[in-house]
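Peer 1: If you read the sequences in order, they're chains A and B. FYI, in the working numbering the residues of the first sequence are 1 to 573. FYI, in the working numbering the residues of the second sequence are 1 to 214.
Please note that the accuracy of each hint is not assured.
Said to hold, decoys possible - Taking lysine-lysine and the PhoX-like style, the derived pairs with C-alpha atoms no more than 25 Å apart in a straight line are: (1) Lys-484(A) / Lys-163(B); (2) Lys-484(A) / Lys-16(B); (3) Lys-447(A) / Lys-472(A); (4) Lys-472(A) / Lys-211(B); (5) Lys-484(A) / Lys-495(A).
It should be emphasised that the hints constitute simulated quantities derived from the structure, not laboratory data.
Listed here are the chains, written in short residue letters.
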Amino acid sequence: MAAADSPKLNGPYDVIIVGSGAGGGMSAYHLTKSGLKVLMLEAGRDYDPRVETPMFNTNAEAPLRGVGTPDKPFGFYDATVDGGWQVPNEPYTVAEGSEPFTWWRPRMLGGRTNHWGRIALRFGPLDFKPKSRDGLGYDWPITYDDLAPWYDKTEKLIGVSGAAPPRNLLNTPDSPPGCLMEAAPPRAFEIFYERAFRAMGIPVIPMHGAVVTGQMEGRNTCLFATPCGRGCAIGANFQSTTVLIPPAMATGNLTIRTNALVYQVDLDKTGKAKGVSFVDRKTGEHHSVTARAVVLAAGSGETARILLNSKSGAFPNGLCNTHGMVGRYLMDSVGLGVTGQFPALEGLPPTNDDGQGTQHTYIPWWGYEKQKELGFPRGYHIEIGGGRRMPSMGMAGLLPDDETSVGDELRAKLRNRFGSTIGFDGRGEMIPNDDCYCELDPTVRDKWGIPVLRFHWKWGESETNQAAHMVKTFLEVIDRLGGKPEKGVETDGRKAISKGGEMIHEIGTARMGHNDADSVVNQFGQSWAVPNLFVMDGAVMVSSPDKNPTLSILALAWRSADNLATLAKQGAI
Amino acid sequence: MTDAPQAPETEPYVSKIDRRTALAWVGVVGAATAVGGVVVFGPRMGLERITHGYGTDPKLTKPEKAPWSRIMIGPQLQTAAILADYILPASGAAPSASSLGVPDFIDEWVSAPYPQQVKDRPVILNGLNALGGQVLRGDAAARARALAALPAAADAPTQAFWKKFRHLTIGAYYTTPAGFKDIGYIGNVARTSDPGPSAEVKAALEAQFKKLGL
């Protein structure tokens with residue numbers, strides 16, 4: 001990727017971008033194309049999906065048949081380098097008395113865009129004004145219409161499948177014509193489950209997946225074969241490392257420094273940002289670099305950590321934290337899953353269900369107009385997986401636990417049941433609350449002596465009631481389809497709900513707002529306290545709609561970067 | 001079903017690893033020797049056991065052999081081969097579990113330093129040791145009786161061993177290309193488009209919908 005551990009750092013640079021994932025990659029893409037000289041600092045190593053992606057490898061080629069281990073929690077082939085739920089030498093803590101919280105971090109160029117689920121859903125109009133709708137949470141300082149043009153541009157740039165005739169479903173935006181590529185056809189299990197939802201009056205529609213399914217200039221089309229979570233050697237899905245960083249490099253305006261763990265924004269005497277300081281993860285050497293503006297896009301947790309660690313006389317509690325807003329309003333998605341086994345799917349003729357990597361269809365939230373009656377204020381969408389996918393070590397799980405056959409009988413039973421299970425996963429909106437936040441741990445430091453984050457977490461009733469409804473819905477669908485759920489399904493939402501952070505949608509630690517008393521940054525990610533300091537990752541989000549956040553992080557980053565480029569041209573930074 | 005008594009194997013199990021891989025391993029394992037295209041592990045006398053995992057940044061496109069030392073000894077491997085082939089013997093075009101190297105995989109699994117595998121280690125090794133006493137000696141009928149008794153074993157350790165070993169054998173077998181063929185997995189091939197399911201599949205689904213009243 002032409003990134004390097006020690007490029008010339010003497011600049012001059014117009015902008016330093018901290019992070020290279022969705023927010024950092026998009027910022028770099030737009031700012032370099034706008035003619036600005038950019039230095040991108042990435043905490044992880046250089047990473048090139050073109051040569052590092054195990055596209056067609058079988059599990060038999062991997063140690064332990066590819067199962068997840070503490071070294072590679074999502075499996076051997078997952079596109080996560082030097083990370084996962086823990087990063088070597090970079091701990092975090094969870095406060096005593098808190099509910100569990102877990103934090104997924106990679107250390108690689110492109111960040112989490114390398115392994116993400118490629119679900120690319122727009123937030124809807126109601127998602128930007130939740131408080132106006134039901135009095136809960138907070139409204140964004142922007143509307144859907146403000147972001148819609150940037151969603152259009154983002155979808156066209158990164159390649160999103162799922163085109164379909166407009167449905168006009170409430171708070172589930174249809175993309176304008178020309179934004180999306182064709183939808184991949186429903187697979188057998190998707191045709192199957194659709195019938196149950198139809199009987200329940202719940203629409204099933206094409207998934208919006210960040211996968212190139214048609215002809216797109218400069219991009220390869222999906223091979224409909226390998227798991228997107230491994231990354232994509234041909235760049236047919238969206239990764240910052242294949243879609244954003246290469247064109248930014250091609251401008252000649254981008255310098256990338258890898259293994260650069262930024263821990264502080266440096267200020268000049270006038271209170272403006274003059275650059276950042278980082279430690280080289282390999283050598284332990286400290287460096288300071290300068291630019292006219294600084295963009296933080298390190299991920300909501302790391303961005304908050306950098307701000308909190310940037311203490312000075314003017315900001316004794318951390319930069320931009322005069323009102324104690326940094327680290328607050330931390331959110332994740334509500335999540336849980338239930339798997340069912342379906343006799344009706346047994347013995348189907350062999351079919352290739354590999355598909356486009358992400359789901360071909362999904363169920364958007366259908367209960368906006370009956371939230372009161374349902375007993376929880378915000379909704380969830382359903383992501384559903386199944387089909388005859390590449391066998392894994394879990395194959396024995398196709399059979400009942402007490403099943404003991406061997407030989408030809410065992411072979412026949414496995415053949416018959418292959419592809420007959422379906423997993424239903426809910427992803428729901430969380431309302432920000434005062435018990436969910438991060439701060440600096442008063443005693444724990446990382447390998448280089450930098451204070452680490454301490455998380456606080458507590459789900460509200462809005463979320464646990466929603467989780468209980470997910471389980472109820474999934475069990476009804478499984479029953480309607482003549483299936484049986486896996487053993488031991490937990491129906492108590494308080495127990496069934498995911499851990500905080502487990503959905504890897506943590507957002508909202510430096511939210512945008514109307515003024516410096518209610519937020520850290522303005523609607524363009526520009527910090528209220530330091531006019532040439534910007535935040536362009538999920539930290540700026542005000543609410544956590546059920547829709548997965550990556551597409552919105554990209555669209556917001558593009559909008560904010562465009563504003564920054566304008567300010568730069570005006571000499572305003 | 002294959003519960004009819006079978007004669008004991010006349011040939012002992014030898015690890016199913018190709019010569020090139022074997023030679024590459026010799027430097028790591030030290031005591032492995034390549035003989036006629038297969039690897040025979042000798043005793044690891046005087047060698048320091050390697051107990052670390054593959055790390056957080058392993059090569060993915062051409063995975064290297066898992067670095068940890070293998071701990072299963074000859075009789076355990078032989079017993080694993082007999083049991084794996086009891087679970088999945090050769091059948092028609094489908095090869096036996098041992099011919100796909102499943103016993104080597106069991107060894108890789110129980111030798112691994114990660115929590116799940118460390119937890120499984122005594123379950124498998126104790127089970128193999130107990131079973132070995134019954135299947136490595138004695139006649140074919142005794143062996144068949146010992147194997148057939150496993151699924152119905154009343155004691156918890158044997159039950160746990162049977163379930164875990166069967167689980168690992170099935171997983172190891174069906175994650176290979178031969179396993180794909182046997183189970184009917186036809187993916188992992190590049191395509192220019194996804195045509196969706198065939199008319200035959202759709203018709204089969206429609207028939208099911210009628211039964212379900214959907």
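Peer 1: So, for every hint listed, does it hold in this structure?
Peer 2: Okay, the hints, checked on the actual structure:
1. Lys-484(A) / Lys-163(B): 22 Å, holds
2. Lys-484(A) / Lys-16(B): 39 Å, violated
3. Lys-447(A) / Lys-472(A): 46 Å, violated
4. Lys-472(A) / Lys-211(B): Answer holds: Lys-472(A) to Lys-211(B) is near 24 Å, not above 25 Å.
5. Lys-484(A) / Lys-495(A): Judged against 25 Å, a Cα distance of about 21 Å means the pair holds.
Figure legend: structure checked against the earlier numbered hints; hints not met, in rising order: 2, 3.
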